[in-house]
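Number of protein chains: 2
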Amino acid sequence: MSLSKNEIKVIQSLQRKKGRIQHRMFFAEGIKVVQELIASSFELSSLYVTKECQDCFDSEQHTLITEGALKKISALKTPSGVLAVFRIADVQELQLDGLVLALDNINDPGNLGTIIRLCDWFGVQQLLCSKDTVDCYNSKVVQATMGSLSRVQINYVNLKEVLEASPSPILVADLDGENLYQTSLPEKAVLVLGNESNGISAELKGLKDRLLTIPRFGSDTESLNVATAAAVILSEFRRNQ
Amino acid sequence: MSLSKNEIKVIQSLQRKKGRIQHRMFFAEGIKVVQELIASSFELSSLYVTKECQDCFDSEQHTLITEGALKKISALKTPSGVLAVFRIADVQELQLDGLVLALDNINDPGNLGTIIRLCDWFGVQQLLCSKDTVDCYNSKVVQATMGSLSRVQINYVNLKEVLEASPSPILVADLDGENLYQTSLPEKAVLVLGNESNGISAELKGLKDRLLTIPRFGSDTESLNVATAAAVILSEFRRNQ
Chain E
2 MSLSKNEIKV
12 IQSLQRKKGR
22 IQHRMFFAEG
32 IKVVQELIAS
42 SFELSSLYVT
52 KECQDCFDSE
62 QHTLITEGAL
72 KKISALKTPS
82 GVLAVFRIAD
92 VQELQLDGLV
102 LALDNINDPG
112 NLGTIIRLCD
122 WFGVQQLLCS
132 KDTVDCYNSK
142 VVQATMGSLS
152 RVQINYVNLK
162 EVLEASPSPI
172 LVADLDGENL
182 YQTSLPEKAV
192 LVLGNESNGI
202 SAELKGLKDR
212 LLTIPRFGSD
222 TESLNVATAA
232 AVILSEFRRN
242 Q
Chain R
2 MSLSKNEIKV
12 IQSLQRKKGR
22 IQHRMFFAEG
32 IKVVQELIAS
42 SFELSSLYVT
52 KECQDCFDSE
62 QHTLITEGAL
72 KKISALKTPS
82 GVLAVFRIAD
92 VQELQLDGLV
102 LALDNINDPG
112 NLGTIIRLCD
122 WFGVQQLLCS
132 KDTVDCYNSK
142 VVQATMGSLS
152 RVQINYVNLK
162 EVLEASPSPI
172 LVADLDGENL
182 YQTSLPEKAV
192 LVLGNESNGI
202 SAELKGLKDR
212 LLTIPRFGSD
222 TESLNVATAA
232 AVILSEFRRN
242 Q
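These protein sequences, in sequence, are chains E and R.
What the first sequence shows, in my numbering, is residues 2 to 242, in sequence order.
What the second sequence shows, in my numbering, is residues 2 to 242, in sequence order.
Because the hints were derived from the structure by calculation, they are not lab data.
Wrong hints could be hidden among the right ones.
A pair counts as met if it fits within one copy or between any two copies, since identical chains are not told apart.
[To be verified] Simulated pairs of lysine-lysine, DSBU-like, Cα-Cα distance not exceeding 30 Å:
| id | residue 1 | residue 2 |
| --- | --- | --- |
| 1 | K33 | K206 |
| 2 | K209 | K72 |
| 3 | K161 | K72 |
| 4 | K18 | K6 |
The model shown is predicted, which means the values in this text are computed figures rather than measured ones.
Chain E on its own, in the form it takes in the complex (with noise of 0.2 Å):
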């Protein structure tokens, strides 16, 4: 079956922000990921594969169409043989209890994917993002999280004024704080993690309540990577628990 100029016209527009927030839909490319997003709670919209791939999928729900044609709506350089195409679901209303993680414009999609996928391993089930972080349905990020974004409740909010209403300490992850493995971590947090270049903005420093450090154990490296930094925190919370 061939695609529609339309179906054409939508799929691509996906792959920007505005498309997507046009058409409440997102899409996901590659065998694995697809599966478990079709497993979770999304709702599919539609699915596309060519011949190699069709037997990865229940053959009343996708459509077979050529290499050519996948190629004109994947975001790939070589597109995987599927594509599928999600509902966004409705943004719950926010509840900050128990462990939430805040990010602070985190710009890189593999962070983002990978921290959902963190937050999805610990538990964390509420992660607040300021309006500059990455989009969560941005191709590059559904695939880092490798299905984890139908568990996690994910709001992009106005982050001052949400850490500003917290019943919950603000937590902040900095390069100058107290030891993380020597201090004691509250039950309730929100634990707010910065831009990969910056830290955390300005308009937030004077909200935290205390900063938290990894111990260095090298000599000259800079910072560690934010998604690594948020497993060896979000790890340390847990672990205490």
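With the hints as your guide, set chain R onto chain E.
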């Protein structure tokens, strides 16, 4: 200044492992990582910059080229304005001491780069890679290391032989082992992390002394990204010291 045909050919060949082995050189792109590598122990072979980036580098070191010329040698879709070629340092003799990390068939360049950066942070000086692990001088790995590449000794080895001869215990990260938070960790050990999809290879399975598991707090997620798993386990080793 323009680039000679031969210069272009050599630099393009460095995008592949074969070319890097033949010329004993690798390249890096991006102002920050190039600056860090120039400041490191790597020997700079040549430095190409476009007009916009020339002020970021010592004028005696760099060759000014056009954007068109940079595009010819760059591995990036959108070149960053600087490309530096470095000599690959001689491999030092293997000395398994203290905490050593071993990677079994890690495929993703971003994962390897992030793990090298983690080794640097946590003071792990020796990184063993199986021969089928992605090459650490791959330009995407170099990019992700953010300069840590010069501070971690990386040996590509027959992992089975080296582990068989190891005086320290072999600890393997696994989904079905001892709870990482409730076990005691030795000061000297080789920590083995397996492939992103398949875990450790069959031939290594018999060599392990212990299996370590990062407890899961979420529900359905299948596994952690290998670099974030490395972060959590290395942190756990170091917090105990």
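### Message
Hints numbered earlier in the text: which of these fail when held up against the supplied structure?
### Response
2 and 3
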